[in-house]
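4 protein chains.
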Amino acid sequence: MIHFESDYLEGCAPQILEALRQTNLEQTLGYGEDPHCERAADMIRYVFDCPDAAVHFLVGGTQANATVISSLLKPYQGVVCAETGHIHVHETGAVEHGGHKVLALPARDGKISAEQILNFVQAHHSDFSREHMVQPGMVYLSFPTELGTLYTKQELLDIREVCRNWELPLFIDGARLGYGLEASGCDLLPKDLPAIADVFYIGGTKQGALFGEAVVFSNSELAEDFRYNIKQNGGMLAKGRLLGIQYEVLMNEGLYFSLARRADRLADRIRAAFKHKGIPFLVDNTTNQVFPILEIGAIDRLTVEFGVERWQIVDETHAAVRFCTSWATTDAAIVALEAYINCNY
Amino acid sequence: MIHFESDYLEGCAPQILEALRQTNLEQTLGYGEDPHCERAADMIRYVFDCPDAAVHFLVGGTQANATVISSLLKPYQGVVCAETGHIHVHETGAVEHGGHKVLALPARDGKISAEQILNFVQAHHSDFSREHMVQPGMVYLSFPTELGTLYTKQELLDIREVCRNWELPLFIDGARLGYGLEASGCDLLPKDLPAIADVFYIGGTKQGALFGEAVVFSNSELAEDFRYNIKQNGGMLAKGRLLGIQYEVLMNEGLYFSLARRADRLADRIRAAFKHKGIPFLVDNTTNQVFPILEIGAIDRLTVEFGVERWQIVDETHAAVRFCTSWATTDAAIVALEAYINCNY
Amino acid sequence: MIHFESDYLEGCAPQILEALRQTNLEQTLGYGEDPHCERAADMIRYVFDCPDAAVHFLVGGTQANATVISSLLKPYQGVVCAETGHIHVHETGAVEHGGHKVLALPARDGKISAEQILNFVQAHHSDFSREHMVQPGMVYLSFPTELGTLYTKQELLDIREVCRNWELPLFIDGARLGYGLEASGCDLLPKDLPAIADVFYIGGTKQGALFGEAVVFSNSELAEDFRYNIKQNGGMLAKGRLLGIQYEVLMNEGLYFSLARRADRLADRIRAAFKHKGIPFLVDNTTNQVFPILEIGAIDRLTVEFGVERWQIVDETHAAVRFCTSWATTDAAIVALEAYINCNY
Amino acid sequence: MIHFESDYLEGCAPQILEALRQTNLEQTLGYGEDPHCERAADMIRYVFDCPDAAVHFLVGGTQANATVISSLLKPYQGVVCAETGHIHVHETGAVEHGGHKVLALPARDGKISAEQILNFVQAHHSDFSREHMVQPGMVYLSFPTELGTLYTKQELLDIREVCRNWELPLFIDGARLGYGLEASGCDLLPKDLPAIADVFYIGGTKQGALFGEAVVFSNSELAEDFRYNIKQNGGMLAKGRLLGIQYEVLMNEGLYFSLARRADRLADRIRAAFKHKGIPFLVDNTTNQVFPILEIGAIDRLTVEFGVERWQIVDETHAAVRFCTSWATTDAAIVALEAYINCNY
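Chains as they are written, first to last, in my numbering: chain S, 1 to 345; chain R, 1 to 345; chain E, 1 to 345; chain D, 1 to 345.
No lab work stands behind these hints, which were simulated from the structure alone.
One or more of the hints may lead you astray.
List time: in silico DSS-like cross-link candidates among lysine-lysine, alpha-carbon distance up to 30 Å [as the list claims (entries may be wrong)]: (1) E:LYS74 <-> R:LYS74; (2) S:LYS74 <-> D:LYS275; (3) D:LYS74 <-> E:LYS74; (4) E:LYS74 <-> S:LYS74; (5) R:LYS191 <-> S:LYS74; (6) D:LYS277 <-> D:LYS191; (7) R:LYS74 <-> D:LYS191; (8) R:LYS153 <-> R:LYS191.
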């Protein structure tokens with residue numbers, strides 16, 4: 001069985017294990033106040049060209065989302081997002097647990113537009129019953145989206161403009177940020193993230209780390225006392241340096257990006273193999289997730305040999321499945337999959 | 001500088017790093033539903049002699065406390081604990097963030113008694129204004145306590161009796177559980193924990209793991225749907241097997257206990273050295289934390305060579321400091337400290 | 001200007017003011033533990049034929065909804081409702097403030113169906129990622145709905161069946177319950193409410209009381225310790241008897257129902273007048289709210305003389321407005337409105 | 001039986017009932033946006049000499065406290081108060097339900113001092129583990145306290161200074177504000193409240209209204225979007241004018257103060273009667289609550305004829321009871337009590 005179910009099936013990039021080994025007996029202060037975290041933060045500020053940013057390391061995505069969101073909203077405010085947004089669908093109500101409503105907008109291929117946000121916000125503020133409604137207090141986007149699609153730079157700039165005009169912090173969930181930045185056709189550079197978002201994170205868990213998400217507040221004022229929030233939300237790792245060490249490795253010589261690039265190229269090969277056979281896709285995308293639409297019988301046969309996630313029923317006879325590549329996907333696995341596709345469709 | 005500030009200054013027991021290396025390219029399902037977590041849970045059930053217990057792995061202590069407590073309480077209930085309890089003092093209000101009051105009782109050497117709990121609960125239920133007060137809904141203890149002291153088995157049995165009579169789940173925070181069980185004079189065995197507590201955890205972070213706390217519900221009914229709670233509280237690690245692998249190693253051939261035993265014995269040597277010089281202690285204890293009371297000038301001199309935590313002012317000229325030993329403390333460090341104490345007090 | 005904006009424009013039924021005057025100097029215990037509350041609860045149990053029900057009086061609807069819902073859900077559960085449900089739209093996220101997600105389903109004329117609920121609940125429990133999603137924990141309906149429409153008895157029985165099969169408490173928001181029960185075509189009797197719902201409330205604020213909602217737990221076990229919840233949610237009125245006194249009056253000789261019946265009949269006359277002129281309606285309903293669809297210019301002219309709520313844009317040239325009748329609506333007001341409609345459409 | 005159990009045993013000052021009767025058929029907008037609320041707010045701003053204050057009307061004290069506090073704190077902050085403070089003891093954890101810890105300081109006769117607050121805040125900010133602790137975010141005082149005692153103007157000015165230096169909003173719970181301001185020996189004037197507190201409330205429920213608390217934000221910036229908070233906390237009364245009408249009456253010709261003054265003088269007579277007999281008091285106070293310490297047998301005899309609240313055990317043979325006077329206490333009741341005291345002690 002060759003596995004493509006997710007991008008967190010394996011441990012971590014070997015360089016990270018090696019760094020953990022080398023540093024194992026160092027003695028450092030806990031809770032992220034150690035030289036590794038400091039250096040990793042510096043490296044991130046350099047790579048993403050945001051010298052004044054505040055960088056905090058958290059263990060996982062749900063935790064990062066819940067902590068950032070509850071730190072930015074007033075009690076009566078909610079977070080605007082796509083109806084397909086991870087915080088709305090797959091975090092067991094962590095945002096609501098923190099007291100806030102997720103204000104979900106209809107999504108197209110996992111994306112929402114500046115115009116949608118503007119209309120929603122204007123509608124709220126022009127409603128004479130607005131005090132009876134949750135006030136939009138920030139905007140959450142995923143880049144790439146949960147469907148592996150990407151916002152263009154212009155789309156993000158447009159969203160940023162609405163956010164600034166309405167004083168809504170813009171938060172970009174980058175659980176798979178590298179896969180987005182390295183995708184063919186992506187017109188964003190790392191430095192665009194802090195320029196566009198008030199806060200974003202650089203996902204590690206799905207991109208070669210054992211775990212970890214680096215939260216970057218471009219506007220460091222928004223991060224005031226953020227460490228209290230981290231602790232209160234159960235996200236302050238005692239041996240915080242484990243996060244610093246991992247990001248030191250990932251930011252070193254572009255490893256974060258080269259691992260992602262390779263995974264994206266392998267995903268391109270899967271897409272090409274299906275396309276060659278005329279197989280349609282749930283969405284047109286270029287990152288490390290591939291969503292072909294297959295006959296249900298074909299899926300049953302496929303999954304004898306290849307592990308995929310059954311994503312979504314499309315019609316009575318077809319469903320979309322998801323293939324994920326990652327830093328750990330082997331060429332051999334891709335070759336085997338290509339051969340299978342060529343023979344079976 | 002030789003460091004005794006805490007028991008989480010270093011990485012992890014080398015056996016754990018090695019296990020991570022060996023398993024690194026295994027492909028497993030995420031979120032704790034993998035064979036390592038399953039096997040680690042089995043080993044815990046065996047070692048703690050609780051074949052029907054439910055075992056869940058969380059990343060850290062604050063997270064474990066907040067998740068367990070909010071899963072057990074009704075909205076209007078609070079958790080009874082010692083005023084020195086970690087949840088009351090050092091978790092940035094994580095319990096309150098989840099909506100619950102911490103009902104702190106006066107503590108003696110970090111401990112509360114069955115009688116105190118009984119009086120408190122009876123007072124609540126006999127108060128004709130009780131509906132205007134937070135109802136005690138469970139009891140939280142630390143073993144060892146935050147001051148490194150231990151409850152005797154009888155004390156715990158007495159508390160259990162009160163808890164059962166009043167239908168209050170008893171939760172034991174075992175962030176340093178091994179150091180307690182291996183302390184000289186401790187009359188508890190591992191199997192006593194599930195027999196006494198409804199839920200407890202086996203701390204890994206401070207006992208040789210990179211991170212991790214194994215939450216054990218002796219009464220597995222209390223753990224129904226607990227995984228939803230973990231996810232909602234941001235505690236479900238994507239690569240959950242990292243926790244399973246670590247506990248497999250720690251439970252193997254008693255490593256968890258032998259690491260703790262050694263640390264306790266090293267702490268005994270620190271205590272003996274101070275005692276020999278007639279130095280008093282903040283508390284009389286036998287676990288891996290040592291709290292001598294020193295003159296403030298002596299502390300300033302000491303801390304040039306040895307890292308300790310300045311714990312508490314005792315009077316105008318004296319303060320207590322904390323020395324921690326751990327799995328990583330070297331004999332050489334203890335020898336150097338013994339020599340220093342012999343020469344300087 | 002003649003006002004039809006809402007059903008809470010005036011004070012209260014004169015009988016209530018008179019009862020307040022007569023009881024003003026009585027001395028009673030506070031917080032709802034007085035003979036008036038007791039007697040009002042008995043009257044409700046009699047009128048709604050639920051001798052074992054637990055009855056609690058709250059001040060307002062948002063408070064009643066938030067308190068009941070948070071008392072019934074576990075932390076990781078949400079409340080299923082129509083997307084038009086008051087708790088989803090017009091309570092400023094009070095449910096989320098209590099930590100719970102509102103699980104909104106697409107609505108038809110303000111209603112959801114047993115089938116929708118069943119599909120949603122089944123989809124949750126058959127999803128292998130369900131622990132990453134908010135678990136449906138109860139169902140909330142409004143009777144009448146926010147659009148003044150009614151569920152038939154059969155529709156409610158079908159919903160009840162799904163709820164019982166899946167152990168989901170069914171909660172009916174009866175802010176306008178009387179207007180529903182007295183509407184032409186309604187096939188429910190008061191006694192059907194406790195037979196169908198696990199908990200419902202008998203709205204007072206919009207039905208002739210100064211304020212107040214009587215929450216009825218048909219299944220009194222669900223109400224255990226509910227008074228703690230009331231207090232914690234800020235809903236325990238010090239002079240609780242004010243609520244008891246009002247419900248004594250409303251339940252006396254069917255006043256609650258006769259006030260509602262008259263208002264419904266007046267609304268029928270408004271509907272008839274518009275229908276006579278061929279004016280369409282946003283929904284086909286029979287309660288005290290009337291939603292004709294008018295040309296926007298016509299609305300501007302109408303609102304010079306009659307106060308209505310501008311409800312919803314329908315197309316570029318038309319919008320729906322809302323007329324409310326209430327216990328306080330005068331015949332003269334209806335006559336004037338009928339004349340206006342006859343002349344102007 | 002003559003009742004002195006509380007100051008909310010009866011309905012309301014007759015002038016209020018009369019005003020409700022006169023306005024009953026007026027038609028006004030709901031939710032506090034009506035001319036009565038507007039006028040009442042103006043009257044309050046005039047009487048308390050705070051022309052720029054924001055005034056909001058809530059139904060009850062617990063609701064007012066929870067809503068104000070959660071509107072002012074960041075998630076990781078708590079509210080500093082006396083251990084006897086109502087929010088800590090008698091609100092079923094409403095503050096914690098909103099996510100915040102109550103940081104209780106030892107109290108003396110129900111009061112805390114500027115020095116205590118300063119020490120606590122300084123200790124927090126100088127603690128190197130402060131991010132692991134709840135940050136003090138505001139200060140809550142009761143005037144009068146829950147024990148009927150009063151802060152002097154100087155004590156409050158000192159507290160204000162600490163609060164300003166540390167940017168902690170100061171919130172004064174004035175559930176019995178009038179009884180405080182009218183007490184013999186009180187050196188505060190109404191205008192001192194807005195000058196000292198950032199927000200305070202003028203209690204109605206215990207001072208002659210049916211219900212209601214007028215929350216005054218001296219610093220109206222702190223009240224931004226406060227109505228959203230009110231709604232979210234279930235405190236926005238549909239017929240908001242009921243609150244406006246009551247405060248119009250109470251603020252008219254000083255009724256609020258004259259009712260309180262009379263109650264205080266009646267309480268003085270109770271105190272004098274006990275003092276004449278050499279009976280000691282739990283606290284030395286001058287407001288409408290009287291706390292004599294009596295033999296337990298004497299209490300049993302007393303309570304055959306007079307209703308009091310059994311307040312607190314003092315020693316094995318003595319307990320303190322509480323007598324409350326109010327706007328509704330009759331001279332005859334006081335005369336009867338004086339006679340009883342004279343004869344029985």
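Results of checking the hints against the structure:
no.	hint	verdict
1	E:LYS74 <-> R:LYS74	holds (8 Å)
2	S:LYS74 <-> D:LYS275	violated (52 Å)
3	D:LYS74 <-> E:LYS74	holds (25 Å)
4	E:LYS74 <-> S:LYS74	holds (24 Å)
5	R:LYS191 <-> S:LYS74	violated (47 Å)
6	D:LYS277 <-> D:LYS191	violated (38 Å)
7	R:LYS74 <-> D:LYS191	violated (43 Å)
8	R:LYS153 <-> R:LYS191	holds (12 Å)
Hint violations for this structure: numbers 2, 5, 6, 7, all remaining hints satisfied.
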